[in-house]
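Let's have the full structure, built from the sequences with the hints guiding it.
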Amino acid sequence: MTTVRTPAGWPATEEQARAVQDDLRGGVVLDETGPLPGSGRVTGVDVAYDDERGVVAAAAVVLDAVTLDVVAEATAVGEVSFPYVPGLLAFREIPTVLAALDALSCAPGLVVCDGYGLAHPRRFGLASHLGVLTGLPTIGVAKNPFTFTYDDPGPARGSASPLLAGTEEVGRALRTRDGVKPVFVSVGHRVSLDNACAHTLALTPGYRVPETTRRADSLCRRALAEVTLQEGGPIV
DNA sequence: GCGACAG
DNA sequence: ATCTTGTCGC
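113 is the number of the first residue of the first sequence in our numbering; add one for each residue after it.
Some clues are possibly wrong.
Said to hold, decoys possible - DEER-style ranges, computed between Cβ atoms: (1) PRO195 / SER330: 21 to 27 Å; (2) ARG165 / PRO119: 28 to 34 Å; (3) SER273 / ASP143: 22 to 28 Å; (4) PRO317 / ASP263: 23 to 29 Å; (5) THR179 / SER217: 48 to 54 Å; (6) GLY138 / PRO267: 37 to 43 Å.
Treat the hints as calculated values from the structure; they're not laboratory data.
Beta carbons are placed, not taken as given, at the ideal position from N, Cα and C, and that holds for glycine.
Written as structure tokens, this is what we have:
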């Protein structure tokens with residue numbers, strides 16, 4: 113498994129991190145429709161933390177978009193490169209996620225992030241950031257509405273309503289299971305919002321959260337537990 | 001100024 | 001994110 117240190121020149125302050133976002137934001141491509149939903153490959157990425165030890169583990173799991181079978185998977189561990197600050201989540205996750213993606217034996221296709229893309233205070237969330245750095249089509253599927261507002265979608269799976277920053281639609285509250293709290297979908301890079309929602313529905317035949325995220329979540333937890341046990345019980 | 005706030 | 005067992009329900 114690959115190990116990652118915080119990259120040289122990585123932002124050390126919130127001000128620096130926000131400057132990086134302002135600098136990279138122009139690289140986001142919003143006028144592409146993206147891969148056809150339900151075809152090709154779809155990759156989920158997620159990370160797990162042990163803040164006590166400053167360790168982070170990331171996982172990337174590639175699924176066949178039709179069967180949702182696992183095609184490839186990879187993990188990476190690293191040191192926590194930034195504290196959790198709402199709006200700056202990407203700086204905490206990206207180095208290790210990039211390493212996991214690099215370790216894959218095949219092309220990722222569409223990347224599904226656990227978090228936001230365009231739906232972000234500066235319109236540059238984790239999915240946008242990862243998309244710009246890799247050039248890959250990305251979307252964000254979050255479990256919470258963050259600071260945004262929305263009207264509750266209809267009760268049936270597939271119902272959606274705009275996710276709003278004031279009057280601007282930055283994403284969509286999408287019901288993936290009948291009568292269950294919606295997920296919050298936003299565009300990352302090179303994918304339209306309609307397609308982002310279609311992909312999300314294709315990835316949720318049985319659970320609220322996309323299969324990609326579920327697979328990546330369990331894999332990165334296992335990877336973290338592995339290193340955490342290796343380093344011995346109590347904090348070293 | 002205070003509270004809220006993806007993971 | 002993470003701390004955490006059993007339990008109610010389909």
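Which of the listed hints are not met by the structure?
2 and 5
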